[in-house]
Every structure is written in C-alpha cells, then in structure tokens.
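Chemist: As you go down the protein sequences, you meet chains Y and W in turn. In terms of the numbering used here, the first sequence opens at residue 22 and continues consecutively. In terms of the numbering used here, the second sequence opens at residue 22 and continues consecutively.
Be aware that a few hints might be false.
One copy or two, it doesn't matter: identical chains are merged, so the pair holds either way.
Unchecked claim - Below are the BS3-like pairs computed for lysine-lysine, each with C-alpha atoms no more than 30 Å apart in a straight line:
#, residue 1, residue 2
1, Lys57, Lys409
2, Lys487, Lys361
3, Lys209, Lys128
4, Lys464, Lys361
5, Lys151, Lys367
6, Lys396, Lys128
7, Lys148, Lys464
8, Lys417, Lys151
9, Lys209, Lys367
10, Lys57, Lys128
11, Lys128, Lys169
12, Lys487, Lys396
13, Lys361, Lys155
14, Lys155, Lys30
Bear in mind the hints are in silico, worked out from the structure with no lab data behind them.
As a plain string of letters, each chain reads:
There are 2 protein chains.
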Amino acid sequence: MANTPSREKWQSDFPRWFDWIIEEAEVYDYGRYPVKGMGVWMPYGFQIRRRVLDILRDILDSTGHEEVLFPLLIPDHLLRRESEHIRGFEGEVYWVTHGGFEELDVKLALRPTSETSITYMETFWIKSYKQLPKKYYQVVSVFRYETKATRPMIRLREVTTFKEAHTVHDSFEDAERQVLEAIDAYKKLFDSLGIPYMISRRPDWDKFAGALYTIAFDTIMPDGRALQIGTVHLLGQNFTKAFDFRIQLADESLDYPWQTSYGVSDRVIATLIAVHGDDRGLALPPTVAPIQVVIVPIPSGSDEDRRAVIEAARQVAGELEASGVRVRVDDREEERPGAKFYYWEKKGVPLRIEVGVREAREGYLTVARRDTLEKVKVPRSGVVEAVKRLLDDVEKRLEERAKSFFRERVVRTHSLEEAREWVEARRGIAEVPWCGVEECGLKMEEETGAKALGSPWPREPVEGAKCPVCGRDAVTWLRLARTY
Amino acid sequence: MANTPSREKWQSDFPRWFDWIIEEAEVYDYGRYPVKGMGVWMPYGFQIRRRVLDILRDILDSTGHEEVLFPLLIPDHLLRRESEHIRGFEGEVYWVTHGGFEELDVKLALRPTSETSITYMETFWIKSYKQLPKKYYQVVSVFRYETKATRPMIRLREVTTFKEAHTVHDSFEDAERQVLEAIDAYKKLFDSLGIPYMISRRPDWDKFAGALYTIAFDTIMPDGRALQIGTVHLLGQNFTKAFDFRIQLADESLDYPWQTSYGVSDRVIATLIAVHGDDRGLALPPTVAPIQVVIVPIPSGSDEDRRAVIEAARQVAGELEASGVRVRVDDREEERPGAKFYYWEKKGVPLRIEVGVREAREGYLTVARRDTLEKVKVPRSGVVEAVKRLLDDVEKRLEERAKSFFRERVVRTHSLEEAREWVEARRGIAEVPWCGVEECGLKMEEETGAKALGSPWPREPVEGAKCPVCGRDAVTWLRLARTY
C-alpha cells in the first residue's frame with residue numbers, strides 16, 4: 022500500500038497552507054508587493070502558468086478560436102454603452118484620470134472584462150453572416166477594485182491570467198451551440214489538469230452583468246468551500262444592440278448578431294495547486310510540471326566513487342532529456358541530500374531519482390514518487406521507459422485522488438437542515454430539490470448561510486421531490502455551498 | 022533575373038504605406054480604437070507577433086533568463102524612489118486615481134517601465150552573491166502619455182509588446198559582461214528576422230533616465246529615418262542604492278549590487294514589416310510567417326477535372342503539413358484565382374502553389390515566390406524538398422535585400438554640410454568625426470536638423486580627423502539622422 026503523505030494541514034487550514042506553499046515553492050509572491058490584491062508570478066510559478074496556458078491555447082486554436090490583443094484602457098462612454106453591464110461593474114472599476122501633469126478629457130477604465138471594446142471593434146470587422154461564426158480570445162490582465170477580502174490568485178485586484186473568449190453568431194441557435202463548444206473546451210482543460218468540477222446554470226440573480234444566462238464550472242477547495250473556476254455566458258443581442266452592430270443575414274436582411282463570452286483565470290492554477298497538494302507542498306501533474314524528474318546524486322567513498330556517481334547522474338539526465346523528459350540534476354555541493362529531497366518535494370516535482378555509489382555500480386536506480394512517496398528500483402538500462410510509465414501513473418493517481426475527494430464532498434438531500442449542516446461543517450456542496458422560483462432560492466441561501474451555485478447542467482431529473490421552502494413540486498436541484 | 026516588385030510607394034510614402042498595409046493585411050487595427058495611441062492586434066498580426074516572441078523567448082531562456090510577471094500598477098512613492106528616473110518619466114505617466122466610486126489613498130502609475138517595482142521585490146528575493154547573476158524578464162504592456170505624434174506600433178501610448186529584462190550582479194565587471202550578453206541576444210534576434218541594424222552608444226544627454234550609459238540598436242526605415250529598436254542600459258548602483266538593496270559579497274561584506282536592464286518592443290514587428298515589404302504589401306520571412314505556403318487550386322473543365330484539381334491541392338497540402346510546413350489551401354469558391362493571388366501577396370505569404378488541370382495531370386506544380394514574384398515549376402514528387410529549399414531561399418534573399426538597402430543608407434563624411442544634405446534628402450544616417458564633447462554634439466544636431474544617435478559600438482578608430490565644430494582631434498564618430 023502506498024505511503025501517502027498527510028493532508029491534515031492541507032485540509033484543516035487550507036488558506037494558510039495555500040499562502041505558505043505559493044511563497045515557499047516560489048510560485049507567486051503576494052503580500053509583499055506594495056499594492057493590495059496584486060502579486061508577482063515568480064519564475065517557477067510562471068513556468069507552471071505557461072504550461073497551463075499552452076494547453077488552453079491548443080484547445081482554443083484547434084477549435085477555430087483566433088487570438089487577439091485589445092488595449093487595456095476602455096473609455097468611460099464605451100464601458101457605459103450596455104446599461105446592465107456597467108451597473109454590474111461600476112463599483113469595481115479602476116479609473117485613469119491623469120496623463121503626465123494633465124487631467125484627461127475622458128476617463129479611461131482599466132478593463133474589468135472586454136465585451137464592450139471587442140463588440141465596438143467587431144462593428145468594423147464583421148459585416149456579413151458569411152464571416153460567422155467568429156471566435157476571438159485574448160489572455161490579459163483585468164482589474165477589479167474588490168471590496169471583499171482579497172486572496173492570492175483567487176480574489177485579486179489585478180487578475181493577471183484572464184483568458185476571455187468572445188464569439189459572434191448569426192442566430193440564437195448557433196450561439197447556444199457555441200455555449201456547448203465552450204463548455205466542452207473547459208471540460209478538456211480541467212480534465213487535462215486532473216481538476217474535478219461540476220457544471221451549473223447560475224441562478225438568474227447571479228448571472229454575468231449583461232448576459233441572458235451563465236453556465237459555470239465550480240470545484241471544491243480542501244476546506245469544503247466551492248470555487249468558481251470558469252464561466253460561459255450567452256450574451257444574446259444585448260451588446261450588439263447597445264452598439265448598433267448589425268450584419269447582413271443569408272436572406273439579405275440586416276439584423277443584430279448573437280454573442281457569447283467565456284473566461285477562465287488564475288484560479289485554474291490556484292486550483293491545480295490546491296486539489297493536488299498535501300502537507301509537504303505542491304504535487305504537480307507531470308503535464309504541467311516545469312521539472313518532471315529531479316536527479317539527486319549522493320556521492321560518497323573514494324574520489325573515484327564520487328566521480329562515478331556524478332557521471333552516472335549526468336548520463337541518466339542526458340538520456341531522459343533526449344527522450345523529451347524535463348529533467349534537472351541537483352548537484353549543489355553546499356546542500357545535503359535530505360535538504361534537497363525536502364526542497365523538491367515542496368516544489369511538487371513528480372519523480373526524484375537518487376543515484377548513489379551502489380546505484381552507479383550495480384546497474385539500477387531508485388525512483389521516488391512525489392504523490393505516494395513510494396520508492397521503486399528500476400533497472401538502469403530501462404530508465405527512460407520506467408520514468409515515462411511512472412509519470413503517467415503519477416498523473417492518473419493525482420487525478421483519481423482529486424476526483425475521489427470531490428465526490429465525497431457533494432451530498433444530495435431533501436432536507437434543508439441537512440444541507441445547512443453539511444455546508445456549516447465545511448463538508449462541501451449540498452444539492453436540494455428546488456421549485457425554480459427565485460424567492461425560494463434566496464430563502465434557501467439565507468437558511469443555510471450558503472450561496473446558491475445554481476442548478477445542474479445539463480438539467481437532471483428530480484422525481485417526486487418537493488421544494489423544501491414552498492412545498493411545490495421541485496423541477497431541479499439547487500446547489501448550495503460556502504464559496505471563495 | 023528576378024522580376025522584383027516595385028518599392029516606389031513603399032519608399033517614397035512610407036508612413037502611408039505602413040498605415041495601409043497593417044490595416045489591409047489585418048495585422049494591427051489602429052486609429053479606429055477610440056483611445057489615441059492604442060491599437061488592436063488582429064489574428065493575423067497576433068500570429069506574427071507570437072512567432073517573434075517565441076524566437077525572443079528561446080534566446081533569453083537559453084541564456085539563463087527567467088520569465089516573471091509583475092503587476093501593472095506601481096505606487097507613486099515607489100516610482101519616485103530614484104530621482105533621475107522619475108524626472109525622466111514623470112511627464113508621461115498615466116495615473117490611476119479612483120477605484121469604483123472612491124478616490125485612492127495612493128496614486129497608482131501604469132508602469133512606464135519596471136525598474137522600480139522589480140528592484141523593490143529583489144530586495145526580498147536576493148540576499149547573497151551566491152544567487153547572482155540573476156536575470157529576469159517579462160513581456161508586458163507599458164504606458165507612455167506621449168505628447169509627440171503617435172504612430173501605430175512605433176510610437177504608442179500603450180506599448181503592448183514590451184520585453185524588458187532586468188539583471189543583478191555582484192560587481193561592475195559582471196554587469197558590463199551582461200551588457201555584452203544582452204547585445205549578443207539582440208543581435209541574434211534581429212539577425213534571425215533579417216533586420217539590419219547598427220549599434221551605438223547613446224550620447225550622455227540621451228541615455229535612459231537612471232542609467233550610467235545606454236547602448237542602442239537602430240535601423241533605417243524605407244524613408245531614411247532611423248528607428249531605435251532595442252536598448253541596453255548599465256544601471257550601475259543607482260536603483261539598488263535608492264532602494265537600499267544590499268547583498269552579502271564573497272568577502273562577507275555588505276554592498277549594493279549592480280544592475281542592467283534592456284528592452285525591445287512592438288517596434289521589432291513594425292521593423293520586420295517595414296524592411297521586407299514592397300508596394301504589394303507584406304513580405305514575411307518564412308520563420309515568422311503564420312502561413313508559409315498557400316495553395317490555390319484553379320479548377321476548370323469537366324467535373325472530373327475539377328475534382329482532380331481540388332484533390333491534388335489537398336494532397337500537396339497534406340504532405341507539406343506532415344513535414345512541418347505551415348500551409349493553407351484557399352478553396353473559397355466565391356473568389357477568383359487572381360483575387361486570391363493578390364490577397365495572399367498582400368499578406369506576405371512566402372510561397373504560393375498553383376494547382377490547375379495541367380498540373381494535376383502532368384505531375385508538376387507551379388510555385389510563385391513572394392519576394393521576387395518569380396514562378397518556378399517543381400516536380401510533384403519532390404514538392405516537399407523543393408518547398409523547403411525555396412523557403413530557405415526566400416528567407417536569405419529578404420535578409421540580403423534589407424541589408425543592402427541599409428548599407429546604401431549609411432554615409433561617412435568629414436563635412437557637416439554633406440551630413441546635413443544626406444539627412445535632409447532622407448537618405449539615412451550620416452557619420453561625422455566628433456571630439457566627444459557634448460556641446461559640439463548638440464551643435465551638430467542643430468546644424469544638421471538631425472538627432473545624434475551616438476557613437477559606434479564597439480568604438481571605431483578615427484584617424485587624423487577633426488571635429489567639424491571645434492576643430493579639435495576627433496575621438497569617435499557621431500551618428501546623425503532624422504528619427505521616428
């Protein structure tokens with residue numbers, strides 16, 4: 022049986038664990054940068070982020086999305102064009118008012134999201150249904166003057182990794198098809214990172230400002246709180262009407278096109294860290310680990326023996342590198358092997374290979390897995406195949422562990438009292454039958470002290486159950502959780 | 022002899038040509054975005070930009086630079102810490118003063134460059150000479166409230182592709198060695214893009230605000246004006262002293278470390294477009310062309326013939342793609358072949374393959390080169406090798422043409438009058454003997470109506486020449502040009 026590392030601190034004191042590990046593993050420096058809610062991606066964290074973005078770009082590019090880059094600054098009047106939208110964002114927009122020593126004629130907003138500026142430019146670029154569907158995306162910083170408590174990578178004032186996609190369609194039906202495509206893209210993203218999720222249709226009172234409806238991906242953090250990690254919005258014609266953006270349709274009539282938008286953020290990387298970690302620190306899935314294998318030479322004995330050990334370590338590294346494995350030899354002389362083990366475990370490197378005198382002589386290597394801390398002996402001659410197999414295995418096991426944790430934290434109950442207890446005990450998400458009426462939903466939020474995440478998407482049947490608030494027939498489930 | 026396309030408009034009316042091609046080829050939409058000095062990278066332009074950045078990242082990563090990402094916003098007091106620096110930038114900083122409905126306690130600057138915020142964080146990260154040298158870089162937007170006339174990709178208020186590197190060293194000597202490494206990195210970048218340049222040590226009155234000295238790369242635009250495309254600054258201890266950033270040295274004493282910083286921007290891509298283009302539009306070097314080969318089927322005759330043509334086009338595309346060539350089949354039915362040729366020439370696709378009935382039947386293909394507009398016949402069976410050879414050849418020829426244009430536009434003269442005429446006639450850069458005294462340099466700027474780019478780096482001998490202003494012995498050359 023695998024000797025799995027403890028997850029006690031990880032779970033019982035998750036926010037502290039998270040703050041500790043992103044600093045200790047040099048992922049993201051937060052709290053020392055002198056502006057609240059803004060942090061620095063350090064080199065190691067940046068490499069994780071880069072690999073997550075590579076996966077995301079591959080998924081989007083291969084489904085006909087085109088990457089663009091829009092200006093950061095949106096003039097006041099542009100941001101105000103769609104009235105629901107500005108109502109939703111106005112309280113948290115940062116404003117640039119001065120350039121040099123002058124006051125600007127027009128206030129400029131730091132983009133909170135880009136529906137307005139992108140729709141504005143689309144009016145110049147898109148004239149006919151023949152150009153549709155059109156799918157743009159960009160990866161940019163967005164800014165929110167958060168009044169709630171900020172948290173590194175989770176609730177920021179500068180969200181530095183906002184991937185926003187914006188699409189245009191010639192019919193409502195095609196826009197709804199795009200919603201499905203977007204959901205599919207995000208499923209692929211989260212699946213490839215081993216991140217468990219559930220998909221909900223957000224209640225109307227919590228949809229995106231300016232959307233007809235919002236579909237959201239939520240996951241569960243180690244402390245049982247839900248975290249929104251992706252959203253997909255059917256915008257309808259709200260923005261195209263506000264911008265008087267019309268196109269020629271197949272029947273030669275002019276009409277407003279339909280839009281969707283969808284986004285993911287730094288929270289994807291925060292989740293990657295959260296769901297796979299343990300008390301020793303990060304445990305990175307090999308697909309996104311900047312270093313997949315660290316080789317620690319353990320020299321001892323005669324000078325000749327010591328040289329043989331270093332030489333063997335370098336040879337193994339060379340072979341692995343040549344076959345596409347990201348490998349690092351830690352031959353620092355001033356650190357002891359134990360300190361190195363601890364250091365690389367904290368950084369979440371999936372495999373560690375120890376090379377000592379015996380290994381150099383006897384033709385085998387000792388490989389330690391980060392996920393289970395197990396050590397296995399592999400023959401020196403078959404090290405490349407063994408490492409690749411083990412990397413696959415670590416990847417799968419991390420995913421399974423995360424999914425099993427997630428499954429245990431979702432409960433379905435007909436009792437609002439049970440739901441309240443589940444949420445209060447920080448167990449996770451509770452699903453309760455719901456009649457679909459807003460008033461009852463809000464009441465359930467109030468009585469459980471939880472936030473309504475919405476209803477299962479796609480819709481799931483509720484047989485013979487009653488809404489616990491009004492007693493009418495339930496038409497769906499309402500998901501309730503404490504959230505970040 | 023190659024039938025080279027005309028470069029008359031390209032040269033005689035360069036700014037208009039540039040505005041025309043970035044819009045027509047869908048590279049960068051400028052002037053329609055409703056904030057002056059800010060534009061949008063469109064999908065095609067974004068793909069060019071992405072490939073330029075890939076090359077740049079490869080060069081930096083392979084020389085031990087680590088990518089990071091710092092916040093956009095710099096608090097007032099941080100930006101003011103180094104006095105020369107703020108004096109140089111204060112007139113062009115954008116300020117965020119409000120969040121939501123509140124006025125902020127501390128004004129926040131949109132980064133004009135990141136020396137201050139990066140040095141501040143380095144005080145936490147770097148404690149000992151053992152960690153040095155340290156080389157960070159990031160690719161970000163920077164903002165300058167330009168009071169001069171703005172120009173797309175050349176003089177912007179939002180520079181969206183600013184690659185800034187920041188390094189730390191334990192001695193002046195090591196920082197100077199880093200200056201050499203940085204120059205070498207930029208040489209590699211420009212060489213790989215076929216961009217000609219000269220390297221100058223900027224005169225003291227034009228160095229970076231806060232630097233000991235600045236080394237700059239300049240190129241020459243089609244209209245004879247010089248453009249700065251890269252700079253390398255030796256910062257010395259100016260910022261480390263201002264931030265009281267001290268480290269432990271090898272002899273256990275504490276001292277301020279030494280820094281350099283260096284940057285390139287969107288101007289690299291502007292230059293790529295400018296130096297290789299012609300009256301028909303873009304001519305992209307194959308290394309960075311989003312599409313390297315476009316295949317235009319020219320169906321005619323019987324239904325069977327038409328199908329054979331389309332089929333042949335797809336097969337060729339499949340083979341090229343399988344061997345790593347970026348290829349696109351333009352099988353749009355509503356466009357005529359002539360219109361397609363024109364369209365892809367404008368977009369600068371290096372090679373076009375035409376597949377008609379004869380080609381499909383007789384086992385050869387017609388390949389048109391974008392650089393010379395020559396058409397060559399290649400055997401169908403050897404198309405992959407032929408295309409790869411032609412791509413290499415286009416790459417080389419574009420580079421040679423750009424370099425030969427550049428060489429003809431640099432003149433060395435002992436006469437200030439000749440220099441003035443050269444510059445006034447928009448011929449390019451003139452080099453004049455100089456005694457090295459600031460007063461004489463400023464006088465030469467005044468008399469030629471040009472800007473002094475500085476002196477050749479590395480220093481070049483001037484034998485027996487006199488400074489044309491004061492008549493003393495010249496110690497170097499002064500480069501003079503109209504600039505963007």
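Chemist: Run every hint past the structure and note whether it holds.
Modeler: Against the structure, the hints come out as follows:
no. : hint               : in the structure
1   : Lys57 with Lys409  : neither (43 Å within a copy, 53 Å between copies)
2   : Lys487 with Lys361 : neither (58 Å within a copy, 64 Å between copies)
3   : Lys209 with Lys128 : neither (40 Å within a copy, 42 Å between copies)
4   : Lys464 with Lys361 : neither (54 Å within a copy, 62 Å between copies)
5   : Lys151 with Lys367 : between (53 Å within a copy, 22 Å between copies)
6   : Lys396 with Lys128 : neither (61 Å within a copy, 54 Å between copies)
7   : Lys148 with Lys464 : neither (47 Å within a copy, 55 Å between copies)
8   : Lys417 with Lys151 : neither (44 Å within a copy, 39 Å between copies)
9   : Lys209 with Lys367 : within (28 Å within a copy, 37 Å between copies)
10  : Lys57 with Lys128  : both (23 Å within a copy, 13 Å between copies)
11  : Lys128 with Lys169 : both (25 Å within a copy, 21 Å between copies)
12  : Lys487 with Lys396 : neither (53 Å within a copy, 76 Å between copies)
13  : Lys361 with Lys155 : between (50 Å within a copy, 21 Å between copies)
14  : Lys155 with Lys30  : neither (47 Å within a copy, 34 Å between copies)
Violated hints, listed in ascending order, are 1, 2, 3, 4, 6, 7, 8, 12, 14; each of the other numbered hints is respected by the structure.
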